[in-house]
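First to last, the protein sequences are chains A and B.
So the first sequence is numbered by the working numbering: it starts at 1 and just counts up by one.
So the second sequence is numbered by the working numbering: it starts at 1 and just counts up by one.
Just so you know, these hints were derived from the structure itself, not from any lab.
Treat the hints loosely; a few may be bogus.
In this list, chains with the same sequence are indistinguishable; a pair is considered to hold if it fits within one copy or across any two.
[Said to hold, decoys possible] Straight-line C-alpha distance at most 16 Å; calculated EDC-like pairs for lysine to aspartate or glutamate:
{"no.": "1", "residue 1": "Lys224", "residue 2": "Asp87"}
{"no.": "2", "residue 1": "Lys51", "residue 2": "Glu311"}
{"no.": "3", "residue 1": "Lys111", "residue 2": "Asp41"}
{"no.": "4", "residue 1": "Lys226", "residue 2": "Asp103"}
As the structure is a prediction and not an experimental result, all values here were calculated from the model.
There are 2 protein chains.
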Amino acid sequence: MQQFPEFNPQARILLGPGPSNVSPRVLKAMASPMLGHLDPDFIALMEEIKKLLRTVFQTGNEITFPVSGTGSAGMESALANLIEEGDEAVVGVNGVFGARAADCAERMGAKVHRVEAPWGRIVDPQEIEAALKACKRPRLVAVVHAETSTGVLQPVEEISQLAHQYGALMVLDAVTSLGCIPVHIDRWQIDACYSCTQKGISAPPGLAPLTLSERAMAAIGERKTKCRSWYLDVAMIAQYWGTERIYHHTAPISMNYALYEALRIVVEEGLEARWARHLQNAAALQAGLSAMGLKFVAQEGHRLPQLSAIEAPAGIDEAAIRAALLRSYNMEIGAGLGPFKGKVWRIGLMGESSRRANVVLVLNALEQLLTDAGVEIARGRALAAADAVYAKSA
Amino acid sequence: MQQFPEFNPQARILLGPGPSNVSPRVLKAMASPMLGHLDPDFIALMEEIKKLLRTVFQTGNEITFPVSGTGSAGMESALANLIEEGDEAVVGVNGVFGARAADCAERMGAKVHRVEAPWGRIVDPQEIEAALKACKRPRLVAVVHAETSTGVLQPVEEISQLAHQYGALMVLDAVTSLGCIPVHIDRWQIDACYSCTQKGISAPPGLAPLTLSERAMAAIGERKTKCRSWYLDVAMIAQYWGTERIYHHTAPISMNYALYEALRIVVEEGLEARWARHLQNAAALQAGLSAMGLKFVAQEGHRLPQLSAIEAPAGIDEAAIRAALLRSYNMEIGAGLGPFKGKVWRIGLMGESSRRANVVLVLNALEQLLTDAGVEIARGRALAAADAVYAKSA
Chain A
1 MQQFPEFNPQ
11 ARILLGPGPS
21 NVSPRVLKAM
31 ASPMLGHLDP
41 DFIALMEEIK
51 KLLRTVFQTG
61 NEITFPVSGT
71 GSAGMESALA
81 NLIEEGDEAV
91 VGVNGVFGAR
101 AADCAERMGA
111 KVHRVEAPWG
121 RIVDPQEIEA
131 ALKACKRPRL
141 VAVVHAETST
151 GVLQPVEEIS
161 QLAHQYGALM
171 VLDAVTSLGC
181 IPVHIDRWQI
191 DACYSCTQKG
201 ISAPPGLAPL
211 TLSERAMAAI
221 GERKTKCRSW
231 YLDVAMIAQY
241 WGTERIYHHT
251 APISMNYALY
261 EALRIVVEEG
271 LEARWARHLQ
281 NAAALQAGLS
291 AMGLKFVAQE
301 GHRLPQLSAI
311 EAPAGIDEAA
321 IRAALLRSYN
331 MEIGAGLGPF
341 KGKVWRIGLM
351 GESSRRANVV
361 LVLNALEQLL
371 TDAGVEIARG
381 RALAAADAVY
391 AKSA
Chain B
1 MQQFPEFNPQ
11 ARILLGPGPS
21 NVSPRVLKAM
31 ASPMLGHLDP
41 DFIALMEEIK
51 KLLRTVFQTG
61 NEITFPVSGT
71 GSAGMESALA
81 NLIEEGDEAV
91 VGVNGVFGAR
101 AADCAERMGA
111 KVHRVEAPWG
121 RIVDPQEIEA
131 ALKACKRPRL
141 VAVVHAETST
151 GVLQPVEEIS
161 QLAHQYGALM
171 VLDAVTSLGC
181 IPVHIDRWQI
191 DACYSCTQKG
201 ISAPPGLAPL
211 TLSERAMAAI
221 GERKTKCRSW
231 YLDVAMIAQY
241 WGTERIYHHT
251 APISMNYALY
261 EALRIVVEEG
271 LEARWARHLQ
281 NAAALQAGLS
291 AMGLKFVAQE
301 GHRLPQLSAI
311 EAPAGIDEAA
321 IRAALLRSYN
331 MEIGAGLGPF
341 KGKVWRIGLM
351 GESSRRANVV
361 LVLNALEQLL
371 TDAGVEIARG
381 RALAAADAVY
391 AKSA
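Based on the sequences and whatever the hints tell you, model everything.
Rendered as structure tokens:
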């Protein structure tokens, strides 16, 4: 068909805030033949996926499965199932994804107490506590572990302790952290945690791993009203992902093939090794970016290894630089969101994309493009700084 | 890894109520390299998908795109966006999927008027009108075009006229009809229609094509409250699938590759030819099933070509027959849902699965297995009846 030709996308180097690059093993898995959603072979696969997700989430939670939607569907699933009309929710907001969770919680009927922090700074546990104190009977606290809009790493344990101290459930957004940095659901006593497939796990976007503690499931069991979402109602979905195998909706079969293969790769590498790889490549990248004189959005001491948000140099057309990266280097980095639009770049080194080769390529490309755009940069210093990081840990 | 071996599913013959078989072209498309959701090449693909979906839906609706979830997410999207707290909704219920729409509409805050019909019969337009008359100010009427639990084909045009006559929007569930039988969104004046990818379109499950009329979009624009779903909020999603390209959530990239290739195949075959193919293979299958003495659930004159629900012969262990089909013939057919559990089989001939070879294989297998189970069947009569249908149309 001339009008609708075959689509053959280029193999990009994906260094944005997700999706990250996908292993050929995972791509190949998706080309496997279709199975029915109640086929015994697919049901056996579901059991394996649940086991692997528990390993990655570091949890024994029975209810651990991939929601049939992208990471945001995971967020909506956690909030829709835990919130009933009039419930009070304390939500940390220091970027796009905290604001999104607050918005979603309100749509589910919650009275939301927003605990704000400037973009680039962490949410203060003391302010979370103050908000909890101001609640009559707080239902949940929700924070974003890795704020994708700013590159901030939020400390979670203290907030989780506070949540429980005040009788609330603890909800964690691990969309940009799972598979990149430690996420300890049981050790941190997280009651609901959602992630995505396309960042640290490096499968394509389309599923949202979700885990719910026994406490969370008990709260869901005691609801007086139905979940506002039919599609995401865990009380029903758990009957399909559990032993009853009662049909709820047709699971995205091929995406589950992809997730299984991606999780196999994660477990083969080992979580500790994977976290260390992310740390090392991030240290090299961030040393290089600093050597170029670029400034980080996130406060020092709370920077994500897997996602660096940096300020575009003043007077530069940042979109033109991203377009040139795509055109001349076949490389994607992310733009700024909201108030950071036109001002910030976001460079991701997540999952498959977290490689030394990518650190070298993006530093070299940025150095060249910024020099061409008139920014004064001592050529070669960024790559030397990155190499020094690798040499130190060799 | 010994514990988690590579998953290599068998190539099943999928003759259940979905998923149907997927073309190797579509499977191959999913193995294409990942692109970012704001990559210009992916954005170009989105535009082509919208055009192809408009062709398949037979509509000029600008807002026509795949929701990032399975068919049920399409249902929830239509209802969540069109319903505000207290709205009155008239919902036809003659099977699982009508009941599901009614449940979902209530969760979105609607006062639902259920117009019931026995399973296997169509919803009566006169009863829809009576329910509309009983409303103060009906917001919408929703019916299921192809009731997947019973195999009933619901006439839609008269109900759509009634909906508009009483000032309501018309919502159509085309999950099991799109790509199999005619669906005329503009001619029938449907305001919201949702479908899935894994049945008539024959891509894997995971996306839900949705189309909304200008009237529907105007109603959404006049909402006084936010949509109860953040994930499915069309007011935001239309900014990503429209020209603004504002990030909402990360689109399921590989699933969109699959949908594009599957839609190319649909358009290459041509809608008229595809509908005719479904009719012909269904006529052959249904002639064969009748020759075997099997009884249809759906009333005569309102049977779907793409899905035949038949009563399992009395005294037969229907699950054992399905297990034998899977084990000995590598073939899946569907079980009965709800009150039909243990009593009904559902045989689908949808999209790629609607082939003469599959008609022959399933009739032969059923004949043999039922004979083995002690049902008296004149061997060979079913296949002769099917062949006669093909001979007549040759």
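Structure-based check of each hint:
Proximity of lysine 224 to aspartate 87 under the C-alpha cut-off of 16 Å is restricted to the intra-copy arrangement: shortest distance 12 Å within a copy versus 22 Å between copies. When the C-alpha separation of lysine 51 and glutamate 311 is checked against a cutoff of 16 Å, the pair qualifies neither within a copy, at 41 Å, nor between copies, at 38 Å. In the homo-oligomer, the alpha carbons of lysine 111 and aspartate 41 never lie at most 16 Å apart, since the shortest distance is 44 Å inside one protomer and 42 Å across protomers. Taking the shortest alpha-carbon separations for lysine 226 and aspartate 103, only the inter-copy value of 10 Å comes in at or below 16 Å, while the best intra-copy value is 20 Å.
In summary, the numbered hints that this structure violates are 2 and 3.
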